[in-house]
Structures are given as C-alpha cells and as structure tokens.
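**Student:** Sequence:
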Amino acid sequence: MKTIKLLTALSLFIAFASCSKSDSPTEAILEEGTFSRTFEVQGILQRASYTIDQDKISYTLSGGFAATNYDIIKKYYSEKEQRWVGYRESNSAYYVLFFKSYSDSQVTVYKKQVASLKEGKETAIPSADDTENYGWNLYKKGLAISGKYKNLQATQTSDYTTNPPSITGDYIKFSFEKGAITEGDDWDIAFRGTTLLINGGKATADDQPTRSGKGAAYIATGTLADIKKADTGMFKQDDDQDGLAITTGSGNGWYNYNPSNHMISPIAGKIIVVKTAEGNYAKMEILSYYKNGNSSEGSQYYTFNYVYQPISGEVSF
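Following this note's numbering, the numbering of the sequence shown begins with 136 at its first residue and continues without gaps.
Treat the hints loosely; a few may be bogus.
[Said to hold, decoys possible] Cross-link-like lysine-lysine pairs, in silico, DSS-like; alpha carbons within 25 Å at most:
#1 Lys349 / Lys371
#2 Lys210 / Lys313
#3 Lys210 / Lys235
#4 Lys285 / Lys426
#5 Lys191 / Lys235
#6 Lys191 / Lys253
#7 Lys246 / Lys275
#8 Lys349 / Lys405
#9 Lys371 / Lys276
#10 Lys210 / Lys256
#11 Lys349 / Lys364
#12 Lys371 / Lys308
#13 Lys363 / Lys337
[Said to hold, decoys possible] What follows is a list of derived Cβ distance ranges for each label pair:
#14 Pro300 / Asn387: 13 to 23 Å
#15 Thr345 / Glu162: 44 to 54 Å
#16 Asp320 / Lys364: 46 to 56 Å
#17 Asn226 / Ser431: 25 to 35 Å
#18 Tyr237 / Asp374: 40 to 50 Å
#19 Ser431 / Asp375: 33 to 43 Å
#20 Ile179 / Thr382: 34 to 44 Å
#21 Ser238 / Pro261: 13 to 23 Å
#22 Ala403 / Ala263: 16 to 26 Å
#23 Thr317 / Thr339: 15 to 25 Å
None of these hints come from the bench; they were simulated from the model.
Glycine included, each C-beta is placed from N, C-alpha and C at the ideal position.
Start from the sequences, fold in the hints, and give me the full structure.
**Tutor:** This is the structure:
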C-alpha cells in the first residue's frame, strides 16, 4: 500500500512538474524581433507590427485612420501551446495571442482581447479558418515599406538675364518614414527642379536646407526589385567641395535631357539608394518628371516608387 501511495504521489509530482514547466509564465519566447505585415483598407496602405521581447509584446498600427501603439506585458506563456497572455495597462485589458509557423523570419499570429488572465489561459486555440478578430495573419521579420508618391511639385525658376544666372525656388523635403512631404528637419531627400539633396554632409549653396541628419546616397543599376540590400560602402554625402551625392546634369545621375524638345527623362535602371536622416535605408525609382506623367501638363512634378526599411541597422529591403 505504501508503495502504491508513493508511486501515486510520484506520478502526481511528475505530472505537476511537467505542467508547471510547459505553462510557466517565465518560459522564454522562441524568437525575438519585429514582425510586420502590410494590408489595404479602403485603398489606404496600412502596416501592423509586433515587436516581441521576453517580457512584453509591442503592437503598432500605422499608415491608416486608426494608428495606434501599445505594449502587452507578459503574464503567461506556454511554449507547448504557443500561447501568450498579457496585460495592456493603457486600457486595462488582457489579450491572448497564439503563434504558429514561428521561425527567425516569420510568424503567424492570432490576437484576441479577453476578460481576464484565466480566460486567456483557457481560450481554445482558434482553427486555421477562424476569421474573428481578423483571423490568423502572417507577419514577416524585417519587412520593408513600399510606397508610391505622385506629383511632388518641386518648382525651380531660372533667370538667365543676370550674370551669373539666378536660380530660385524652395526645396521640397520628403521623409521616407512618413511617406510624405515634411517641413521639419526630419527630411531624407529634397527636390528642386532636377536637383536632389540628401540630409547629410554639407550644403553646396546658401539657399539649401541645413543638413542635420546622417543621410547619404548612391545610384545603383538594376530594377527596384533587383536592389535587395544597401551597399554601405557606396554611400556619399553632399559636400561643399566634392558636390552632391546624387550628381546633377544630363546623363550624370538619374535623368537625361533632350535639347531638341527639352524633355527630362528618368534613366531606366537607375535606382537611388538612400541612407536616411536617422540612419535607416531606402531605395527609390523616379518614374516621371511631369505632372501625371504627361509632359503637356507641366514639368517639375516627381512621381516615384520607393521602399523604406524601418528597422534600424537592417540593410535589406
């Protein structure tokens, strides 16, 4: 009888230890990092990201109407079930997150708000075709942001009646992080006429905006898809002695000029790779120098595709 009781107690202890191990909230998460996905809502591109750490998961939604950012503090994690339960202090809510296909490059996530830690532990693992709470979604590590900007007006006026000729006009500053024109010092590239400036180095003329960032650039050859990484050994900054990183003049940089019809045409296969003001990386392809791509509607309107890498230190696109 004593032997049976001892074996029973031992079995219960082993079972308890096993459950405790698999259900321990101090278990390590499999892979840390930032995992993202992009999607469209009413034609507007949005980006959702999970930054997964051992003690918390940070969720960010940007680019759309309902931008948000909050932390979910770890309360429980089961490696066996790939179940994370955490608490969001900003709205006093619990969330349960389930993971699958978890690797160092991607993870599929299902997130649901629950009433309590207990409910989070007991919520059934959702089926693969469960579409509640936006369903299961694939998030990729190091996912770059793609965008297209149309008709950025960069007006330049030239007066050749003076000696030397005078060139005037504001530089229009653009931020890849924002995907928009900016008025502040957080610009990455600036446009005026056919001239492009980078927010790094030194001004080459008195009427240029102050360089306050880490910016640099070079021109690569290939398609936008071909350029998969920034070559950190190729970057140049604007310099008051050596000139601009993106060289001006027909055939020297991004465009050709036709003197017979005065047309400015982007050179096919010329991709501008940029180190941003904050030290991140972007690439861009200028598609047109004319409004709506039509020379009859006016010049000095840039339309370009770009890809921006938001993860600091990541050189891949």
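**Student:** Failing hints, ascending?
**Tutor:** Of the numbered hints given earlier, those the structure breaks are 2, 9, 13, 16, 17, 22, listed in rising order.
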